[in-house]
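Peer 1: Sequence:
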Amino acid sequence: MRPLKILIASDSVGETGENVARASLAQFNISSVKEVMIRYPYIDSEETIDDMIVVAKENDAIVVYTMVKPDMKAYMERRMVEEKIP
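So the sequence shown is numbered by the UniProt record's numbering: it starts at 1 and just counts up by one.
None of these hints come from the bench; they were simulated from the model. Worth double-checking, as some hints may not be accurate.
To be verified - Within a straight-line C-alpha distance of at most 30 Å, the following computed DSBU-like cross-link-like pairs (lysine-lysine) qualify:
#: 1; residue 1: 57; residue 2: 69
#: 2; residue 1: 5; residue 2: 57
#: 3; residue 1: 69; residue 2: 5
#: 4; residue 1: 57; residue 2: 73
#: 5; residue 1: 73; residue 2: 84
#: 6; residue 1: 73; residue 2: 5
#: 7; residue 1: 57; residue 2: 84
#: 8; residue 1: 5; residue 2: 84
#: 9; residue 1: 69; residue 2: 84
With the sequences and hints as input, model every part of the structure.
Peer 2: See the structure below:
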């Protein structure tokens, strides 16, 4: 079985997103599956989001994000829908 790839995107450190991802994996008994988590902390531009989206698509990854800034959150949501990224 191939590793589950999870990108953690945040406009802060990314710790909350990683904790949510780990808790979600545990809820579905996926903790035994090898997973790869990559953090994208301190996102402060649309360009950084676009770069992260490219990596997510190339790696067939799931994205977990925590964004406080409304404009960055809205942009992230829009791009995820456009690119059909879970």
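Peer 1: Holds or violated: residue 5 and residue 84, Cα atoms, limit 30 Å.
Peer 2: Within the cut-off at roughly 16 Å; holds.
Peer 1: With a cut-off of 30 Å on the C-alpha distance, tell me whether residue 57 and residue 73 pass.
Peer 2: Holds - the C-alpha atoms of residue 73 and residue 57 are around 19 Å apart, at most 30 Å.
Peer 1: Does residue 5 sit within 30 Å of residue 69, going by the straight-line distance between their CA atoms?
Peer 2: holds (25 Å)
Peer 1: Would you mind confirming whether the straight-line C-alpha gap from residue 57 to residue 69 stays at or under 30 Å?
Peer 2: holds (24 Å)
Peer 1: Checking one constraint from the list: CA of residue 57 to CA of residue 84, max 30 Å. Satisfied?
Peer 2: Between residue 57 and residue 84 the Cα gap is close to 9 Å, so the pair holds against 30 Å.
Peer 1: For residue 73 and residue 84, compute the direct alpha-carbon distance and say whether it is at most 30 Å.
Peer 2: Given that 30 Å is the threshold and the Cα spacing comes to 16 Å, the pair holds.
Peer 1: Is the straight-line distance between the alpha-carbon of residue 73 and that of residue 5 30 Å or less?
Peer 2: Cα-Cα ~21 Å, so holds.
Peer 1: Do the alpha carbons of residue 5 and residue 57 lie within 30 Å of each other, as the hint requires?
Peer 2: Distance ~11 Å between residue 5 and residue 57 Cα, so the pair holds.
Peer 1: Keeping to a limit of 30 Å between CA atoms, is the pair of residue 69 and residue 84 held or broken?
Peer 2: The hint holds at about 22 Å.
Taken one by one, the earlier hints all hold for this structure without exception.
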